[in-house]
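Going down the list, the sequences are from chains G and X.
For my numbering, add 19 to where a residue sits in the first sequence, where the first one is 1.
For my numbering, add 258 to where a residue sits in the second sequence, where the first one is 1.
Hints were generated in silico from the structure; no laboratory data involved.
Just so you know, even glycine gets a beta-carbon here, dropped at the ideal spot from N, CA and C.
Hints are supplied without guarantee of correctness; some may be wrong.
Taking beta-carbon pairs under 10 angstroms as the criterion, some of the chain G residues facing chain X (in silico) [to be verified]: (1) Gly59; (2) Phe107; (3) Arg129.
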Amino acid sequence: DGGITQSPKYLFRKEGQNVTLSCEQNLNHDAMYWYRQDPGQGLRLIYYSQIVNDFQKGDIAEGYSVSREKKESFPLTVTSAQKNPTAFYLCASSIAPTSTDTQYFGPGTRLTVL
Amino acid sequence: RKEVEQDPGPFNVPEGATVAFNCTYSNSASQSFFWYRQDCRKEPKLLMSVYSSGNEDGRFTAQLNRASQYISLLIRDSKLSDSATYLCVVNLRHGSGNTGKLIFGQGTTLQVKP
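The shape of chain X in the complex, shown without the other chains (with noise of 0.2 angstroms):
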């Protein structure tokens, strides 16, 4: 089973319309969860960060359930730009100490079509 695991794509949507991603991770020892972008062969950048409570940042709603091992994104109206691949990331604490590390999901595509 792989550490982090999302749903698979491609997610092919109307401007508009509202979307979801699905992400689970096996390892109860993940400390902090992520959603990065990346657009075609670009580098990730950093979306959001998903915290317990749930946050949101405008069109973005990111969920975290600790019990399911599960993290979501939400992205609502979506536009043209948002036309990219979203990874799913968790902080997976390892060795001593407090030391990080980052397990990446293969990413799931999005399209979004005029």
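Next up, chain G with everything else stripped away, as it sits in the complex (with noise of 0.2 angstroms):
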């Protein structure tokens, strides 16, 4: 069953504490993405990796940190110098990173900071 999972659903954190977001997929993709919604807003792209190895800052990508160590895995770490981390957390995938391939979304993480 293929497909993108993220995990917390729902995560919580205290001001100040890094926080670690989960994205997999085993869609055998080369292309993931981070993006953030805020309440009545479009998506904003943190960041995003073309291949294993490498990744991008996308538009806001300060305050957020990930790594691409594995072609399945695109953590996002959100740490203590994002000023308005509370949001809900988007990863997507696409085969490939060019400008005609549509982009797939896991369920989201709702991280809010108390």
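Bring the two chains, given one by one in their own frames, into a single complex with the hints.
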């Protein structure tokens, strides 16, 4: 059963803590992405990776970090430097990072800072 | 000006109605176009790609006008289950090569009433 999984579904963090969101895919997709969605707003790109051991900043990378050590996995760390981390975080993947490829989304992680 | 702009919502329609959503995009380098559906507190799911020749999938019809940089989605015979937020998405070529970047509209909410 192929797809994209994200964990946890809900995450609560105290101010000043780093947290890591998991994203795994078994679709054999080369490209993976992290987005953030705030209420009433469109998705915004945080980081993306076109291939293993490579990643690039998106539009709002400050306060976030990623790694891509395996093709299947693209974890996102929300650091204490992120000023407003409460949001819905969505991971996506596509066969290749080209301008014509469809992206498919995982179920998301809702992060709340207490 | 936003890169992708959609009709302001919400749209409240009775079952069986026909409803149309419009979307404009600002960057002529946009390569591919999609409509995603997002249910409340869920991830976006691909509804359909949009082609220059127009395409239809059951009750859904999508149109693209590259000259006017305009995309539309028509839903005929609305069902209660069509209630969701519809996201207009363009895949923009950026950087060198054919790397793509998805740009999301903020979405238009549809509520179908019995």
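Status of the hints after comparison with the structure:
no.: 1; hint: Gly59; in the structure: 7 angstroms, holds
no.: 2; hint: Phe107; in the structure: 8 angstroms, holds
no.: 3; hint: Arg129; in the structure: 8 angstroms, holds
When each numbered hint is compared with the structure, no violation occurs for any of them.
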